[in-house]
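Peer 1: The residues making up each chain are set out below.
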Amino acid sequence: MLGIYSPHNVVDWLVPGRNLFLTLHILGIACFFYIVSMRIVPLLRAQRDPRFDRPLERLGRVLKFWLGQWKHPRYRLAGTLHILIFAGFILLAARAFTVLILGVNENFVMPGLSGRIGPIYERLTDYAATVVFLCMVVAVVRRLVFKPARYAVPAKYGKAHTADAIFLLGLIALLMVADSLFSATRFAGHVHNGEIAETLAIYSLPWMLATLVGSTSLAMLWFLNVTAYLVHEVAFYFLLCYRPFGIQFHVETSLFSIYFSKLNRGTIKPVRWDVPDEHLDQVKSFGVKTCEDFTWKHILDFYSCADCGRCADNCPANSVGRPLAPRFLTIKARDWVFQHYPVFGKANNSKPLIGNIYSEDEIWSCTTCGACEEECPLLVEYIDKIVDLRRGMIDDGNVPQSLQKPLKALESRGNPYGKMEKKRGDWAKSPEALKHGTIPVCDGKNQADTLYFVDSITSYDDRMQSIGRATARILSNLGMKFGILGAAEKDSGHEVRRFGEELLFQALRDQNTDAIKASGVQRIVTTDPHAYNALKHDYKDIPPVEHISQLLVREARAGNLHFNSVEQWLEDRSRVYTYHDPCYLGRHNQVYDDPRDVLDSIPGLHRVEMQRSRDRSFCCGGGGLALFYEPKEEQRMGVVRVRMAAEAGANVIVTACPFCMVNIEDAIKVAGLDGKMSVMDLTELVDQHMVRGSSDKAAQKLAEKTQELETVTSGG
Amino acid sequence: MEIMVCARRVPDTSENEIELSAAGNDIERDELVYSVNEADNYAVEEALQIRGRIGGNVTVVTVDNEEGEEILRRQLAMGANQAVLLSDESFEGSDGKGIATILKAFVDKGHYDLILTGVQADDGAAQVGGMLAAMLDYPFASLVNSITVEDGKLKVSREIEGGNREINEIDLPCVLSIQTGINEPRYVGMRGIRQVASVTIPTLGASDLGVSQGSAGKSAAKVKRVDYFVPGLSKCAEILKGSREDNAQKILELVEAKGGLN
Chain A
1327 MLGIYSPHNV VDWLVPGRNL FLTLHILGIA CFFYIVSMRI VPLLRAQRDP
1377 RFDRPLERLG RVLKFWLGQW KHPRYRLAGT LHILIFAGFI LLAARAFTVL
1427 ILGVNENFVM PGLSGRIGPI YERLTDYAAT VVFLCMVVAV VRRLVFKPAR
1477 YAVPAKYGKA HTADAIFLLG LIALLMVADS LFSATRFAGH VHNGEIAETL
1527 AIYSLPWMLA TLVGSTSLAM LWFLNVTAYL VHEVAFYFLL CYRPFGIQFH
1577 VETSLFSIYF SKLNRGTIKP VRWDVPDEHL DQVKSFGVKT CEDFTWKHIL
1627 DFYSCADCGR CADNCPANSV GRPLAPRFLT IKARDWVFQH YPVFGKANNS
1677 KPLIGNIYSE DEIWSCTTCG ACEEECPLLV EYIDKIVDLR RGMIDDGNVP
1727 QSLQKPLKAL ESRGNPYGKM EKKRGDWAKS PEALKHGTIP VCDGKNQADT
1777 LYFVDSITSY DDRMQSIGRA TARILSNLGM KFGILGAAEK DSGHEVRRFG
1827 EELLFQALRD QNTDAIKASG VQRIVTTDPH AYNALKHDYK DIPPVEHISQ
1877 LLVREARAGN LHFNSVEQWL EDRSRVYTYH DPCYLGRHNQ VYDDPRDVLD
1927 SIPGLHRVEM QRSRDRSFCC GGGGLALFYE PKEEQRMGVV RVRMAAEAGA
1977 NVIVTACPFC MVNIEDAIKV AGLDGKMSVM DLTELVDQHM VRGSSDKAAQ
2027 KLAEKTQELE TVTSGG
Chain B
284 MEIMVCARRV PDTSENEIEL SAAGNDIERD ELVYSVNEAD NYAVEEALQI
334 RGRIGGNVTV VTVDNEEGEE ILRRQLAMGA NQAVLLSDES FEGSDGKGIA
384 TILKAFVDKG HYDLILTGVQ ADDGAAQVGG MLAAMLDYPF ASLVNSITVE
434 DGKLKVSREI EGGNREINEI DLPCVLSIQT GINEPRYVGM RGIRQVASVT
484 IPTLGASDLG VSQGSAGKSA AKVKRVDYFV PGLSKCAEIL KGSREDNAQK
534 ILELVEAKGG LN
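Protein chains in written order, with this note's numbering: chain A, 1327 to 2042; chain B, 284 to 545.
Incorrect hints may have been included.
[To be verified] Ranges between beta-carbon positions, derived for each pair:
| # | chain 1 | residue 1 | chain 2 | residue 2 | range |
| --- | --- | --- | --- | --- | --- |
| 1 | A | Val-1996 | B | Lys-524 | 23 to 29 Å |
| 2 | B | Ala-408 | A | Lys-1485 | 55 to 61 Å |
| 3 | B | Ser-481 | A | Arg-1942 | 49 to 55 Å |
| 4 | B | Ile-534 | A | Lys-1749 | 24 to 30 Å |
| 5 | B | Thr-486 | A | Gln-1837 | 28 to 34 Å |
| 6 | A | Asn-1674 | B | Ala-480 | 33 to 39 Å |
| 7 | B | Arg-448 | A | Val-1902 | 53 to 59 Å |
| 8 | B | Ile-534 | A | Leu-1470 | 54 to 60 Å |
| 9 | B | Ile-534 | A | Asp-1661 | 47 to 53 Å |
| 10 | B | Lys-524 | A | Asp-1867 | 47 to 53 Å |
| 11 | B | Gly-497 | A | Lys-1749 | 43 to 49 Å |
[What the hints assert, rightly or not] A short list of chain A residues far from chain B (calculated; beta carbon distances all over 10 Å):
| # | residue |
| --- | --- |
| 12 | Ile-1522 |
| 13 | Thr-1537 |
| 14 | Glu-1578 |
| 15 | Arg-1591 |
| 16 | Phe-1612 |
| 17 | Trp-1622 |
| 18 | Trp-1662 |
| 19 | Gln-1730 |
| 20 | Thr-1764 |
| 21 | Gly-1805 |
| 22 | Met-1806 |
Simulated from the structure, these hints should not be mistaken for lab results. By construction, the Cβ of each residue, glycine as well, lies at the ideal position given by its N, Cα and C atoms.
Assemble the whole structure, with the sequences as input and the hints as a guide.
Peer 2: Below is the structure:
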């Protein structure tokens, strides 16, 4: 042996290296393509899902969420580790390819990496391999010693995933060591022979290894070099072919998952993408019952999940002990798909998901708050899947008794409480509603250009009617010409759709759309984020809709809305306010600042933030039909939320959603914080503090006092 | 097994505000919404479950005017094989015996192994099931809260005072009145109702059934409603008229005073 050669020159067991490695390459690649093609089979059998539109927007998302790793820093340590590993992998891609080719062609140089760039790239990747290796060590230590709680697998969801995770981390570490040792021995061999060699990056893993083996014999270097190469080769192809069997498949699928991710926030997918609403009657089966009923993108989501546990860590249902964790919703489905579409063997028709991998309670436990989707670095979708599974259960008549009555009432009366239609607008007739007459009903015959869409809970619930009255006073004081639909208004159907009763939702939507069109208004305002989301995203061809907080902030900026200082109210001086983001205003519609700006424009108001706020806001327990569902849980979401407010040092929770108000008000009592904590709606606060335009100041003052007292007694 | 279920349309108490009519002998019916009587819905679900276990047919029958179609359609959407409306002007104003007579006439035209009724209609007197059984000379069990089918007979469990249960063996054919809570009735969605929207529901009148004038309807009724009223306040009743919070506090005090909280 005269020098150190490329591994393709080695002859072992009479097999020339070139032939050996060529065979390994072909086998490895063939295996990978076979496995991947078997993984594509379920995608082809799945439902249609048109995701090929808006390519530029999709590319933008790839740059932001894939290349830019946008969501990762939300978890500081794990996110940093992932960004380093990801960057390392991206950098190492060309190097790994070059090393593989070196087995069959000793002079191969990656196009673009010849000349002066080559050595720079080599040194950079020396460090990249080192960083990835170190990240693997840190990751293993985290898994084994620090054991972050979100990686734990509760017994009901199967066995711990730790062994698999360690195995994969170990394999990557091995790949990095093999790659580094290959470079190190080659370098040492050249030095040994007195040949000119590019230096290795100082303090990098290859550099350290080269220092370590520098004094060994050439024969030993040769042996180590070929061994390192073989280990790299085998580890590389083993990883490539093993990844499609577990969480590391995201290395291949994440790019596609993110490119094809959902673009329209706040919406719900149609029952079938290829069937228009009017032909839904002809669809044989609604929703998802077996795994083939999912769309191909949703199955791709299952493949892409990296089991990082961030979704479940943020899921309010999971944290109060409901039988739902988004992470396992995905992991269970992935395992089920793998089991029914095996890589080897025949695909078998899969059985119903409910009863086999999912329980009914699991699927009804979701409040569609969106915390999981907000957190997922891979943009895995959950709400559409939950809604599709619910559609399947509704279609089979599989609905908890507690939900059947409100659904039936929505069908016959247009509200979940079964109250009379003619009483829907009664709250607006009560004398304290307005100082200047009653609120007109928009029927196209009066002057109103703004419709206040009240929705069921604010119309019928004694306590929530106070939100309606406060809003009416505010709009009236702002001099707006507004009205309500009264008896013609039906439930917005927001939760009806999200609980899977699509056709009932459509019936409600159509009735409301007709009534809104007949009213002749030019814009709509609502105090209910659920109604806001429905009107904005689920309805078509209606005037633009705003949440009251958006209107208030605009009026305040335009100088039309002034507030009295909180100092005027004795009680207020000791009050510390915090704002609770309703899911359908915040996460689903990105309205975070407007309500806060309104609060902050009240002079002297002391506001603190809860630790979980804005896009990490913690759901109060859910709105609409979720109020009727009786979940199996250890404690109420609202109670957890109220304690968070107390922890932040607040004693008044301001929210901008009637459902948040119901849940939080109840939770204050359950948490035993009655008298120490209170909750109010943004409109009630504004109504209390706004300076009114009327000349009759004394009467206004009296009205404010009365309203103040009313809110204080009912609020807590 | 051929199963017949007798169902009835009633004003839904959870979706209506029941008020007395001006005449005082009925409730104000102008803006009422109706649905299938709750116990009857359980009876239909039980029939469907039995069919699911051992096969057969489920026929739902109601005595009503044409409005009765609404609930029959709902039961078809739920999964019943047939629905039949028994309707005739001469049936109007029937008392319990009259309704049982009409139903018996229908049973005589077919062959049913098992006849189920709800334990009682929301506005009824829990009498039709027993009368129908007697007229047919079939055995009868009331307040049934579980059914096991055995060879040529059934094992039924009945709810008796104090929450206890007794198990009875009963020969087929028979009539059972079904207690609510025997099962969890399935949900009937908009989609299900639309799918049966165009199914024709056969209507049988007095002549089809062979019900003679004078055996059903107002003229035959020997039980007549003469008054309808909200019971007056008795001496020991107390109505709390304060705010919600005050009332809750007061109730708590009252329960505590009577030793209800320990």
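Peer 1: If a hint holds in the structure, say so; if it does not, say that too.
Peer 2: Hints, verified against the model:
Checking the proposed 23 to 29 Å range against Val-1996 of chain A and Lys-524 of chain B shows it holds: the Cβ atoms sit about 27 Å from each other. Between Ala-408 of chain B and Lys-1485 of chain A the beta carbon distance is about 60 Å. The supplied range of 55 to 61 Å therefore holds. At roughly 51 Å, the beta carbons of Ser-481 of chain B and Arg-1942 of chain A sit within the given window of 49 to 55 Å. Distance hint check: the CB atoms of Ile-534 of chain B and Lys-1749 of chain A are about 26 Å apart, consistent with the given range 24 to 30 Å.
Separated by about 31 Å at the C-beta atoms, Thr-486 of chain B and Gln-1837 of chain A satisfy the suggested range of 28 to 34 Å. Checked against the hint of 33 to 39 Å, the pair Asn-1674 of chain A and Ala-480 of chain B passes, with Cβ atoms roughly 37 Å apart. Here the CB-CB span from Arg-448 of chain B to Val-1902 of chain A is close to 57 Å, well matched to the stated 53 to 59 Å. At about 57 Å, the CB distance of Ile-534 of chain B to Leu-1470 of chain A agrees with the hint of 54 to 60 Å.
Range check, Ile-534 of chain B to Asp-1661 of chain A: Cβ separation about 52 Å, and the 47 to 53 Å hint holds. Between Lys-524 of chain B and Asp-1867 of chain A the beta carbon distance is about 48 Å. The supplied range of 47 to 53 Å therefore holds. Taking 43 to 49 Å as the suggested C-beta distance range, the pair Gly-497 of chain B and Lys-1749 of chain A conforms, at roughly 45 Å. Even its closest Cβ contact with chain B, about 78 Å, leaves Ile-1522 of chain A beyond 10 Å, as expected for a residue assigned away from the interface.
Annotated as non-interface, Thr-1537 of chain A keeps its C-beta farther than 10 Å from every C-beta of chain B; the closest such distance is 72 Å. Non-interface status of Glu-1578 of chain A relative to chain B is upheld: no Cβ of that chain comes within 10 Å, the nearest being about 39 Å off. Chain B leaves Arg-1591 of chain A outside its interface by the beta-carbon criterion, the shortest separation being 27 Å against a cut-off of 10 Å. Phe-1612 of chain A, annotated as away from the interface, has a beta carbon of chain B within 10 Å; the closest lies near 6 Å.
Listed as outside the interface, Trp-1622 of chain A is consistent with that label: its C-beta sits roughly 25 Å from the nearest C-beta of chain B, beyond the 10 Å cut-off. Non-interface status of Trp-1662 of chain A relative to chain B is upheld: no Cβ of that chain comes within 10 Å, the nearest being about 25 Å off. Not every Cβ of chain B is farther than 10 Å from the Cβ of Gln-1730 of chain A; the closest lies at roughly 5 Å, contradicting the non-interface assignment. No beta-carbon of chain B is positioned within 10 Å of the beta-carbon of Thr-1764 of chain A; the least distance is around 22 Å.
Listed as a non-interface residue, Gly-1805 of chain A keeps its Cβ farther than 10 Å from every Cβ of chain B; the least gap is roughly 34 Å. With a closest Cβ-Cβ approach of about 32 Å to chain B, Met-1806 of chain A is found to remain outside the 10 Å limit, as its non-interface label requires.
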